[in-house]
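Colleague: Read off the chains here:
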Amino acid sequence: MKVNMLSDRELLLSYLEGDEISLEALIRKHKQKVFTTIYLIVNDRYTAEDLFQETFIKVIQILRSDRYKEEDKFLPWVLRIARNLAIDHFRKHKRNTMINGEDGEEILKKVEIADVNREDQLMQNQTCHQIRHLIHLLPEEQKTVLVLRQYAGLSFKEIADITEVSINTALGRMRYALNNLRKMILEKQLNLQ
Amino acid sequence: MKLTFTEQDLIRYHYGEANQEESQAIQAELERNLNLRLQFERLKFVWDQLDQFKIDPSEETISSILDASASHLSNVEPLD
Chain A
1 MKVNMLSDRE
11 LLLSYLEGDE
21 ISLEALIRKH
31 KQKVFTTIYL
41 IVNDRYTAED
51 LFQETFIKVI
61 QILRSDRYKE
71 EDKFLPWVLR
81 IARNLAIDHF
91 RKHKRNTMIN
101 GEDGEEILKK
111 VEIADVNRED
121 QLMQNQTCHQ
131 IRHLIHLLPE
141 EQKTVLVLRQ
151 YAGLSFKEIA
161 DITEVSINTA
171 LGRMRYALNN
181 LRKMILEKQL
191 NLQ
Chain B
1 MKLTFTEQDL
11 IRYHYGEANQ
21 EESQAIQAEL
31 ERNLNLRLQF
41 ERLKFVWDQL
51 DQFKIDPSEE
61 TISSILDASA
71 SHLSNVEPLD
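Heads up: the sequence lines are chains A and B, in that order. Under my numbering, the first residue of the first sequence is numbered 1, with each subsequent residue one higher. Under my numbering, the first residue of the second sequence is numbered 1, with each subsequent residue one higher.
Pulled out of the complex, with its shape left as it was, chain A reads as follows:
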């Protein structure tokens, strides 16, 4: 049977029996969701590549130490690891780049612009670039809920637990995020295909 016809559970068992092809199949199957989630949290392609690698190295280590619980679904479990690593990085990065005052703000702006330009070269799909840009214009609280629900696939209950708010608040933030995005798309008359 071809590996791409196997379930996550079958691929995991096969990998643990020594079949490296099964690991590759698992990574390729889920790479987009995992990478997009990391990328939207850290907002830097190179860092996202590092954290993606770190995520799967951790996955492999846990699998090999026989600590994976089968009742955990594979993708949500991987996303949880990815999200935690990305959020840890984001927190550290945020602390390190905390600059006050007008000059500092200017420096940050320049750094951000340079970063966006570098991303432009890497990101071939213009629509992706526009959407990513709009997502990052959202207030942090709204962006967090949007990324965790839309891309990481967490439930509102899980998001509420992580962000220490009620489910209703998480849902309210999602509603604001969606409405704000809609307004921005229409105001900027973006030609999103």
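The hints are simulated quantities; they were obtained by calculation from the structure and are not laboratory data. Heads up, a few of these hints could be off.
[Unchecked claim] Derived lysine-lysine pairs resembling BS3-like cross-links, with alpha carbons at most 27 Å apart:
no.	chain 1	residue 1	chain 2	residue 2
1	A	58	A	29
2	B	54	A	29
3	A	157	B	54
4	A	73	A	157
5	A	33	B	54
6	A	33	A	157
7	B	44	A	183
8	A	143	A	73
9	A	143	A	92
10	A	58	B	44
11	B	44	A	29
12	A	33	B	44
13	A	33	A	183
14	B	44	A	92
15	A	31	B	54
16	B	44	A	143
17	A	31	A	69
18	A	33	A	69
19	A	188	B	54
20	A	58	B	54
21	B	44	A	69
22	A	33	A	92
23	A	183	A	69
24	B	54	A	143
25	A	31	A	157
26	A	29	A	183
27	A	157	B	44
28	A	92	B	54
29	A	73	B	54
30	A	29	A	69
31	A	58	A	157
Knowing the structure of chain A, use the given hints to seat chain B on it.
Modeller: Okay, now just chain B, sitting in the frame of chain A:
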């Protein structure tokens, strides 16, 4: 079952977080209530845009993970 639904109800419905009974009620209401349908379409417009944002890691990154699994990790202590 209530017959008026909020945007938050529609959001939970879209993400599959409404229970079966609620989903069926929302579905039925969407079919007969134009205002609710328009509200849902406005949200769907954004979801459709968001769905387009998908990016992949580089092949080099995937290769590095596979190399690590095949070689280095077999010599590395598992996590405590």
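Colleague: Determine for every hint whether it applies to the structure shown.
Modeller: Results of checking the hints against the structure:
Using a Cα cut-off of 27 Å, the hinted pair residue 58 of chain A and residue 29 of chain A holds, with the two alpha carbons roughly 18 Å apart. Using a Cα cut-off of 27 Å, the hinted pair residue 54 of chain B and residue 29 of chain A holds, with the two alpha carbons roughly 13 Å apart. The hinted pair formed by residue 157 of chain A and residue 54 of chain B meets the criterion: a straight-line CA distance of about 24 Å does not exceed 27 Å. Of the supplied pair hints, the one linking residue 73 of chain A and residue 157 of chain A holds, its CA atoms being roughly 17 Å apart against a limit of 27 Å.
For the suggested pair residue 33 of chain A and residue 54 of chain B, the alpha carbons sit about 7 Å apart, so the restraint of at most 27 Å is met. In summary, the hint linking residue 33 of chain A to residue 157 of chain A is supported, as the alpha carbons are separated by about 20 Å, within the 27 Å threshold. Our distance criterion of 27 Å between C-alpha atoms is met by residue 44 of chain B and residue 183 of chain A, whose separation comes to about 13 Å. At most 27 Å may separate the alpha-carbon atoms for a hinted pair to count; residue 143 of chain A and residue 73 of chain A meet this at roughly 25 Å.
With a C-alpha separation of about 18 Å, the suggested pair residue 143 of chain A and residue 92 of chain A falls inside the 27 Å cut-off, and the hint holds. A distance of roughly 36 Å separates the Cα atoms of residue 58 of chain A and residue 44 of chain B; the hinted pair therefore is violated under the 27 Å criterion. Annotation: proposed proximity of residue 44 of chain B to residue 29 of chain A holds, straight-line Cα distance about 26 Å (limit 27 Å). Distance check on the hinted pair: residue 33 of chain A and residue 44 of chain B sit about 20 Å apart at the alpha-carbon level, within 27 Å; holds.
As the CA atoms of residue 33 of chain A and residue 183 of chain A are separated by approximately 26 Å, the hinted pair is consistent with the 27 Å bound. Distance check on the hinted pair: residue 44 of chain B and residue 92 of chain A sit about 35 Å apart at the alpha-carbon level, beyond 27 Å; violated. With a C-alpha separation of about 10 Å, the suggested pairing of residue 31 of chain A with residue 54 of chain B holds against the 27 Å cut-off. Taking the CA atoms of residue 44 of chain B and residue 143 of chain A, the gap is about 18 Å. The hint holds against a cut of 27 Å.
Proposed proximity of residue 31 of chain A and residue 69 of chain A is supported: the alpha carbons are some 21 Å apart, at most 27 Å. Proximity of residue 33 of chain A to residue 69 of chain A is assessed by CA-CA distance (about 21 Å); at most 27 Å being required, the pair is judged to hold. Between residue 188 of chain A and residue 54 of chain B the CA atoms are separated by roughly 22 Å; this keeps the pair inside 27 Å, and the hint holds. Among the hinted pairs, residue 58 of chain A with residue 54 of chain B is consistent with the structure: their alpha-carbon atoms are about 23 Å apart, no more than 27 Å.
For a cut-off of 27 Å, the pair hint linking residue 44 of chain B to residue 69 of chain A is broken: about 36 Å separates their Cα positions. Among the hinted pairs, residue 33 of chain A with residue 92 of chain A is consistent with the structure: their alpha-carbon atoms are about 23 Å apart, no more than 27 Å. Between residue 183 of chain A and residue 69 of chain A, the direct Cα distance comes to roughly 43 Å. Violation of the 27 Å bound is thereby established for this hinted pair. The straight-line distance between the Cα atoms of residue 54 of chain B and residue 143 of chain A is roughly 16 Å, inside the 27 Å bound, and the hint therefore holds.
For the suggested pair residue 31 of chain A and residue 157 of chain A, the alpha carbons sit about 24 Å apart, so the restraint of at most 27 Å is met. Proposed proximity of residue 29 of chain A and residue 183 of chain A is contradicted: the alpha carbons are some 34 Å apart, above 27 Å. Restraint check: the Cα-Cα separation between residue 157 of chain A and residue 44 of chain B comes to about 22 Å, which is no more than 27 Å; the hinted pair holds. A hinted pair counts as satisfied when its Cα atoms are at most 27 Å apart, and residue 92 of chain A with residue 54 of chain B qualifies at roughly 26 Å.
The straight-line distance between the Cα atoms of residue 73 of chain A and residue 54 of chain B is roughly 22 Å, inside the 27 Å bound, and the hint therefore holds. Simply put, residue 29 of chain A and residue 69 of chain A have alpha-carbon atoms about 20 Å apart, close enough for the 27 Å limit, and the pair holds. A hinted pair counts as satisfied when its Cα atoms are at most 27 Å apart, and residue 58 of chain A with residue 157 of chain A qualifies at roughly 25 Å.
In this structure, the hints that do not hold are numbers 10, 14, 21, 23, 26, in rising order.
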